Amino acid sequence: MTTDSPATGDGVNGLITDWASDKDAFKRVSWGKTMMWIFLLSDTFIFSCFLVGYMSVRMTTAEAWPNASEVFALTIAGEHLPLLLIAIMTFVLITSSGTMAMAVNCGYRRQPKQAAMLMLVTAALGVCFVGMQAFEWTKLITEEGVRPWGNPMGAAQFGATFFMITGFHGFHVSIGVIYLIIVAAKVWRGDYRERGYEIVEITGLYWHFVDLVWVFIFAFFYLW
Amino acid sequence: MQTHNQSEGHQQHPISVYFKVWGLLFVLSSFSYLVDILQLQGGLRWTLILVFMFLKAGLIVAIFMHMVWERIAFVLAILSPPLCLLVFIGLMASEASYTHLNRLIFFN
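Heads up: the protein sequence lines correspond to chains A and B, in order.
If you're matching positions, the first sequence starts at 1 in the numbering used here and goes up one per residue.
If you're matching positions, the second sequence starts at 1 in the numbering used here and goes up one per residue.
I should point out that these hints are in silico values taken from the structure, not numbers from a laboratory.
Do not take every clue at face value.
[To be verified] Footprint (simulated), chain A over chain B, 3 or more residues, beta carbon under 8 Å:
#: 1; stretch: 27-35
#: 2; stretch: 48-60
#: 3; stretch: 82-96
Just so we're clear, the structure is a prediction, and the values are computed from it rather than from any experiment.
By construction, the Cβ of each residue, glycine as well, lies at the ideal position given by its N, Cα and C atoms.
Please take these sequences and the hints and turn them into a complete structure.
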């Protein structure tokens with residue numbers, strides 16, 4: 001079995017030998033990382049479909065779109081603060097991205113305990129994010145009366161797109177938290193002592209992607 | 001082991017790079033939040049939102065997700081397919097404008 005065997009066969013046979021010829025197009029990129037990136041690419045398209053759908057309904061509606069700045073405002077100690085919770089959520093997620101980057105670094109420095117601890121900190125920040133999102137949803141549903149099919153502030157599609165987009169993102173964060181905890185436990189246990197700690201980087205890719213999606217949601221849904 | 005790791009393309013970089021990017025992300029997020037606090041409106045608002053958004057996204061993908069250090073074959077394979085989304089967005093935007101126009105004419 002040589003890696004650079006000549007082209008053999010035409011038609012379907014050629015197709016099979018080409019794909020089975022053990023060639024790697026992506027030099028120095030492990031299959032694990034490649035597969036995570038391909039998954040993230042497909043996820044990019046899913047989130048893009050949601051955001052494009054949001055753009056379409058927002059552009060087509062003849063009613064006024066609710067002002068996100070006001071809808072998501074908080075009043076703390078008599079002070080009216082627009083989008084405060086969302087800003088805090090954004091900073092929490094960025095902080096978690098930072099701790100994740102540190103975890104990857106510790107992994108490659110062969111400091112598995114530190115890497116695992118930093119991953120757990122990242123997971124804790126993720127839980128914090130989801131918790132604030134749950135608070136935001138509760139406030140929106142019980143106090144503002146936003147439903148997927150309507151709301152008192154304006155265009156009915158606001159609720160549908162909001163729950164769909166932030167719900168799917170929150171789901172990603174939740175899965176990420178579980179993923180982080182599992183990998184952190186395995187790193188802590190020493191499962192990767194032989195294989196090396198690229199797994200931390202791959203987990204990190206997923207986590208940074210979740211942060212990346214939030215950048216777009218923050219810009220298009222909350223600020224626009 | 002270290003040289004082996006390097007040849008395998010493992011991504012180990014000075015920690016200071018991460019701290020700088022982390023700081024920048026905080027600053028850029030504060031800027032985009034300021035856009036709302038200061039209630040900037042119209043073209044200026046949309047331009048600033050997009051600029052800060054793309055800067056943040058670029059930093060995350062380039063540094064945190066290590067894309068600046070990957071080989072070009074890999075970077076292109078991953079980052080070029082989303083470009084067709086621009087066509088999709090364009091199509092949907094033009095369709096949406098048309099629908100909106102019709103709704104204004106026939107519903108109101």
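* Check, residue by residue, whether the stretch 82-96 of chain B contains three or more positions whose beta-carbon lies closer than 8 Å to a beta-carbon of chain A, and give the verdict. => holds (count 8)
* Stated coverage of the stretch 48-60 of chain B by chain A [criterion: 3+ residues, CB within 8 Å] -> holds (count 7)
* Outcome, coverage of the stretch 27-35 of chain B by chain A - at least 3 residues whose beta-carbon is closer than 8 Å to one in that chain -> With 4 residues closer than 8 Å to chain A, the stretch 27-35 of chain B meets the three-residue bar; holds.
Hint compliance for this structure: every hint is met.
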